[in-house]
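Protein chains in written order, with this note's numbering: chain A, 1 to 114; chain B, 1001 to 1224.
Among the hints, a few may not be true.
List time: in silico BS3-like cross-link candidates among lysine-lysine, alpha-carbon distance up to 30 angstroms [what the hints assert, rightly or not]: (1) B:Lys1110 / B:Lys1185; (2) B:Lys1188 / B:Lys1110; (3) B:Lys1188 / B:Lys1114; (4) B:Lys1185 / B:Lys1114; (5) B:Lys1112 / B:Lys1188; (6) B:Lys1185 / B:Lys1112; (7) B:Lys1110 / A:Lys24; (8) B:Lys1114 / A:Lys24; (9) B:Lys1139 / A:Lys24.
Simulated restraints, written as ranges between beta carbons of each label pair [what the hints assert, rightly or not]: (10) B:Gly1078 / A:Phe105: 42 to 52 angstroms; (11) B:Gly1144 / A:Cys80: 21 to 31 angstroms; (12) B:Gly1015 / A:Lys24: 33 to 43 angstroms; (13) B:Gly1015 / A:Phe104: 29 to 39 angstroms; (14) B:Gln1024 / A:Ala97: 37 to 47 angstroms; (15) A:Ala77 / B:Trp1148: 27 to 37 angstroms; (16) B:Ile1141 / A:Phe104: 24 to 34 angstroms; (17) B:Ile1177 / A:Leu83: 25 to 35 angstroms.
To give a feel for the contact side, a few chain A residues facing chain B, derived at Cβ under 7 angstroms [unchecked claim]: (18) Glu16; (19) Tyr22; (20) Met38; (21) Glu45; (22) Ile53; (23) Lys60; (24) Ile64; (25) Ser66; (26) Met69; (27) Arg75; (28) Leu78; (29) Ile82; (30) Met96; (31) Thr103.
None of these hints come from the bench; they were simulated from the model.
Note that the structure is predicted; figures quoted are calculated from it, not measured.
We put the beta carbon where it would ideally sit given N, CA and C, even for glycine.
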Amino acid sequence: MSSNTQIQSETHTHQEHPVSLYLKIWLLLFVLSGLSYMVDYMHLEGLLRWSLILLFMFLKAGLIISIFMHMMWERMALICAILLPPLCLGVFISIMAIESKYTFFSRLIFFSHN
Amino acid sequence: MQINQAMDNSNGIKGLVADWSSDQETFRVSWGKAMMWIFLLSDTFVFSCFLIAYMVVRISTVEPWPNASEVFALEIGGQHMPLILIAIMTFVLITSSGTMAMAVNYGYRKDKVKAGVLMLVTAFLGLSFVGMQAFEWTKLISEGVRPWANPFGAEQFGAVFFMITGFHGLHVSIGVIYLATVAIKILKGHYDHHGSYEIVEISGLYWHFVDLVWVFIFAFFYLW
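Next comes chain A alone, as it looks inside the complex:
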């Protein structure tokens, strides 16, 4: 290992953030969890229900990844290598959603004939 990269990695591992930052994010995660629980508690239904569930979910996930896992302060090479591959899942989810809707309708047709 060259001394050059050692110096670089040392400057990168020295990440001292104030404790108050973690406490704020912690509190925010608590509030967001409380809000997602309230979605169920208030018996919200339909579009409002699932859009709120997704909103709170993505906000929580974003806070955990960027602040708690320090992704915000990593180099672009690492951020791209970790965060871009999961985007393929969008394609996977869409294909499987189409496929399972097809299965559902064929089941409806098949079961109604019996």
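Please arrange chain B on chain A, whose structure you already have, making use of the hints.
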């Protein structure tokens, strides 16, 4: 950079070895941290496969899907609380993520006592999470929920429930062992000669990931 100097232009086996062993780096972090991130990426795909499988069986079933809000309700002091245990488990896990983040912070400051103690607190919170999950499993099993059948509706519910929460619970249990081991080693001073407590950050990444997966399970399986 020295990358070009280390390149060996010979071909064949020698070239293969030279290409894979030469001093090339993409990620300017320690190998331990890079490998933890890559492991977590692979684990993301494993959990995604489970959640997508859940989506498939839930969309394609012609039976009504059990109402998770009622299935996981508890009677506390004569009061009917929907989904209350899951909410408590969520708060416990988020609290443990908070204590872990603080442990990582003290790890950077090389305050090994605070880092180690906070990690032990995190492991304890993880253990209580697993305990509550065991309680939840026991309750559902006694109500007749099985991987192949349940009294509430679509049969696939049981299979999805045991598979997804079981795999997540396994991750939490492994995390508890991992954190406790690292915490004890830190407190005993095993890492003192390194001059760095990066291991706290690496094990922290794993723990935050476990919390992250729970965020998705909570949204899709329990709330949806």
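Evaluated hints:
1. Between Lys1110 of chain B and Lys1185 of chain B the alpha-carbon distance is near 14 angstroms, which keeps this suggested pair within the 30 angstroms criterion.
2. Restraint check for Lys1188 of chain B and Lys1110 of chain B: satisfied, since their Cα atoms lie roughly 14 angstroms apart, inside the 30 angstroms limit.
3. A hinted pair counts as satisfied when its Cα atoms are at most 30 angstroms apart, and Lys1188 of chain B with Lys1114 of chain B qualifies at roughly 13 angstroms.
4. Restraint check for Lys1185 of chain B and Lys1114 of chain B: the C-alpha separation of about 13 angstroms stays at or below 30 angstroms, so the hint holds.
5. A distance of roughly 10 angstroms separates the Cα atoms of Lys1112 of chain B and Lys1188 of chain B; the hinted pair therefore holds under the 30 angstroms criterion.
6. For the proposed pair Lys1185 of chain B and Lys1112 of chain B, the alpha carbon gap of about 10 angstroms is at most 30 angstroms, so the pair holds.
7. A distance of roughly 23 angstroms separates the Cα atoms of Lys1110 of chain B and Lys24 of chain A; the hinted pair therefore holds under the 30 angstroms criterion.
8. A hinted pair counts as satisfied when its Cα atoms are at most 30 angstroms apart, and Lys1114 of chain B with Lys24 of chain A qualifies at roughly 20 angstroms.
9. Restraint check: the Cα-Cα separation between Lys1139 of chain B and Lys24 of chain A comes to about 36 angstroms, which exceeds 30 angstroms; the hinted pair is violated.
10. At roughly 45 angstroms, the beta-carbon separation of Gly1078 of chain B and Phe105 of chain A lies within the given 42 to 52 angstroms, and the hint holds.
11. Between Gly1144 of chain B and Cys80 of chain A the beta carbons are some 48 angstroms apart, a value that contradicts the proposed interval 21 to 31 angstroms.
12. Look at Gly1015 of chain B against Lys24 of chain A: about 53 angstroms separates their beta carbons, and that is not inside 33 to 43 angstroms.
13. Checking the proposed 29 to 39 angstroms range against Gly1015 of chain B and Phe104 of chain A shows it is violated: the Cβ atoms sit about 54 angstroms from each other.
14. Between Gln1024 of chain B and Ala97 of chain A, the C-beta spacing of about 41 angstroms keeps the proposed range 37 to 47 angstroms intact.
15. For the hinted restraint 27 to 37 angstroms between Ala77 of chain A and Trp1148 of chain B, the CB-CB distance of approximately 47 angstroms leaves it violated.
16. Separated by about 29 angstroms at the C-beta atoms, Ile1141 of chain B and Phe104 of chain A satisfy the suggested range of 24 to 34 angstroms.
17. In this structure the supplied range 25 to 35 angstroms holds for Ile1177 of chain B paired with Leu83 of chain A, their Cβ-Cβ distance being about 28 angstroms.
18. Because the beta carbon of Glu16 of chain A sits about 5 angstroms from the nearest beta carbon in chain B, less than 7 angstroms, this interface hint is met.
19. Checking Tyr22 of chain A against chain B: minimum C-beta separation of about 5 angstroms stays under 7 angstroms; hint holds.
20. For the restraint placing Met38 of chain A at the interface with chain B, the shortest Cβ-Cβ distance is roughly 10 angstroms, beyond the 7 angstroms limit, so the hint is violated.
21. Hint status for Glu45 of chain A relative to chain B: violated, with the closest Cβ pair at about 11 angstroms, above 7 angstroms.
22. With 7 angstroms as the threshold, the beta carbon of Ile53 of chain A comes within range of chain B, its nearest partner Cβ sitting at about 5 angstroms, so the hint holds.
23. With a least beta-carbon distance of about 5 angstroms to chain B, the hint placing Lys60 of chain A at the interface is held under the 7 angstroms criterion.
24. Satisfaction of the interface hint for Ile64 of chain A is found here, the shortest Cβ-Cβ separation to chain B being roughly 5 angstroms, below the 7 angstroms cut-off.
25. For the restraint placing Ser66 of chain A at the interface with chain B, the shortest Cβ-Cβ distance is roughly 11 angstroms, beyond the 7 angstroms limit, so the hint is violated.
26. Because the closest C-beta pair between Met69 of chain A and chain B is about 5 angstroms apart, less than 7 angstroms, the hint holds.
27. For Arg75 of chain A, the interface hint holds, the least distance from its beta-carbon to any beta-carbon of chain B being 6 angstroms, beneath 7 angstroms.
28. Checking Leu78 of chain A against chain B: minimum C-beta separation of about 5 angstroms stays under 7 angstroms; hint holds.
29. Using the Cβ-Cβ criterion of 7 angstroms, the hint placing Ile82 of chain A at the interface with chain B is satisfied: the shortest such distance is roughly 5 angstroms.
30. Below 7 angstroms, beta-carbon pairs count as interface contacts, and Met96 of chain A has one with chain B at about 5 angstroms; its hint therefore holds.
31. Satisfaction of the interface hint for Thr103 of chain A is found here, the shortest Cβ-Cβ separation to chain B being roughly 4 angstroms, below the 7 angstroms cut-off.
Checked against the numbered hints above, the structure breaks hints 9, 11, 12, 13, 15, 20, 21 and 25 and satisfies the rest.
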